[in-house]
Amino acid sequence: MIGPVILNGRPDKGMPSFKMTPDQISDISAFLHGRVRDIRYRQLYHVKEFSGDVRAGEAYFTQTGRCASCHSVTGDLNHIAAKYEPEVLLGRMLYPAPRRSQPSPRTEVTVTVTLASGQSFSGPLAHLDEFTVSMYDASGDYHTWNREGLAVIVHDPLTAHLEFLQHVTDDEMHNVMAYLETLK
Amino acid sequence: MKLRSCRFSLLIGLQLILRSAGAQGLDPAKLLKPATDTWPSYHGDYSGRHHSPLSQINAGNVKSLSRAWVYRANQVAIKSEPLEVNGILYFTVPDHVWAVDARISRELWHYVWTSKGGTRIGSRGVGIYGNWLYFETPDAYLVSLNIRDGKERWHKELADVALEYFGTPAPLVVGNHILVGVGGDSMDVPGFLEARDPETGDVQWRWYTTPRPGQPGAETWPNPDAMTHGGGMTWMPGTFDPELNLLLGHGQS
Chain P
849 MIGPVILNGR
859 PDKGMPSFKM
869 TPDQISDISA
879 FLHGRVRDIR
889 YRQLYHVKEF
899 SGDVRAGEAY
909 FTQTGRCASC
919 HSVTGDLNHI
929 AAKYEPEVLL
939 GRMLYPAPRR
949 SQPSPRTEVT
959 VTVTLASGQS
969 FSGPLAHLDE
979 FTVSMYDASG
989 DYHTWNREGL
999 AVIVHDPLTA
1009 HLEFLQHVTD
1019 DEMHNVMAYL
1029 ETLK
Chain F
2 MKLRSCRFSL
12 LIGLQLILRS
22 AGAQGLDPAK
32 LLKPATDTWP
42 SYHGDYSGRH
52 HSPLSQINAG
62 NVKSLSRAWV
72 YRANQVAIKS
82 EPLEVNGILY
92 FTVPDHVWAV
102 DARISRELWH
112 YVWTSKGGTR
122 IGSRGVGIYG
132 NWLYFETPDA
142 YLVSLNIRDG
152 KERWHKELAD
162 VALEYFGTPA
172 PLVVGNHILV
182 GVGGDSMDVP
192 GFLEARDPET
202 GDVQWRWYTT
212 PRPGQPGAET
222 WPNPDAMTHG
232 GGMTWMPGTF
242 DPELNLLLGH
252 GQS
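Protein chains in written order, with our numbering: chain P, 849 to 1032; chain F, 2 to 254.
A couple of the hints might just be wrong.
Distance windows between CB atoms, simulated [stated by the list, open to error]: (1) P/977 to F/64: 40 to 48 Å; (2) F/218 to P/998: 52 to 60 Å; (3) P/998 to F/64: 26 to 34 Å.
Sample of chain P residues with no beta-carbon within 10 Å of chain F, all distances over it, derived [said to hold, decoys possible]: (4) 853; (5) 868; (6) 939; (7) 988.
It is worth saying that the hints were derived from the structure and are not from the lab.
Source: prediction; values computed, not measured.
We put the CB at the ideal spot given by N, CA and C, even for glycine.
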């Protein structure tokens, strides 16, 4: 639809014609559709102002939210606001980074499996469903078991983030963001 | 859980009750009397019967088999016998080896060898000794991998691919011997069986399937040239009698 407009222009509206190839017109069309999609899904929004209270956010960070039990504003979060755009930072706080192919101790899910015999194995979780648990032990050996009769305890370092998302109020979220934005 | 366990067992045609996996490796001594929750060599045990004494799957319920999962290798047809050790399946096609979680079809690793020539007619699988895995390549190499991660430990040439030898059988582990054979049907090269050292891959002994001059049976051949070009390819793993310490039947030899 946009092709003839680009090709012929709209002289009565002041738009000149552009003698482009069909491939070029197709590319421009794809770009325009992409922009429409971005707007529809709010991909072009930018946070410009923070309504939260910095001091309340700091209090939440260090006390109520227990963020400081894993994070430090002088350690892993040092200059965090300079590293990420506000909306990216907010997204990472609410939906923590996906597990990477190179596991990190900060995000890796581990499991402790105790057999009926009492023998116990701990290490990175490879798979878990209602029937099967699979993991790597400290020596790097892979194990897979039928879960029946086993005690399986999963340790997910991101559990606090998942719980945070379920319980955090809008005010608390805005306050924490306002506090994090001071960490330039 | 019982239902799922049953369905899984049906899939791979064995009644496996996969319990605890200790280390990933396999104690060679266990090959003499394999546990019923494992299929640790090409034939399942040295007898070559390909039989499991388990009875959960029987004539009455075999019709209820259903698919638990599918793993697609995206290669040529799988002709190997999957070994199952500590809940993990190890299988091959020419130039490829996989380790896959038998319960859930999760790929643990995939090793790729690049053959220089050779015949890709089929690969019958792997042999396992301790924490090491062995397989033969289309261009007649024996390759040893770490069973944990599929990393190559070494590779050794078994025969000259220029003479149209190639590797097909699953290596057979007997004690501290890795028994390997060769294919090579299209030329009149001599077939042989070799024992290789599981640690170094070096030759421990080689036995030709046709006699050399002076050996028993040589007198049945018309001349020395004929007997040293007699074929007799050892293209499939054989069997072993522990009581008599006797190897039997590798390929058509």
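Hint check results:
1. P/977 to F/64: 40 to 48 Å: 27 Å, violated
2. F/218 to P/998: 52 to 60 Å: 58 Å, holds
3. P/998 to F/64: 26 to 34 Å: At 32 Å between Cβs, range holds.
4. 853: Nearest chain F Cβ is 46 Å from residue 853 of chain P, so the label holds.
5. 868: 41 Å, holds
6. 939: 30 Å, holds
7. 988: 5 Å, violated
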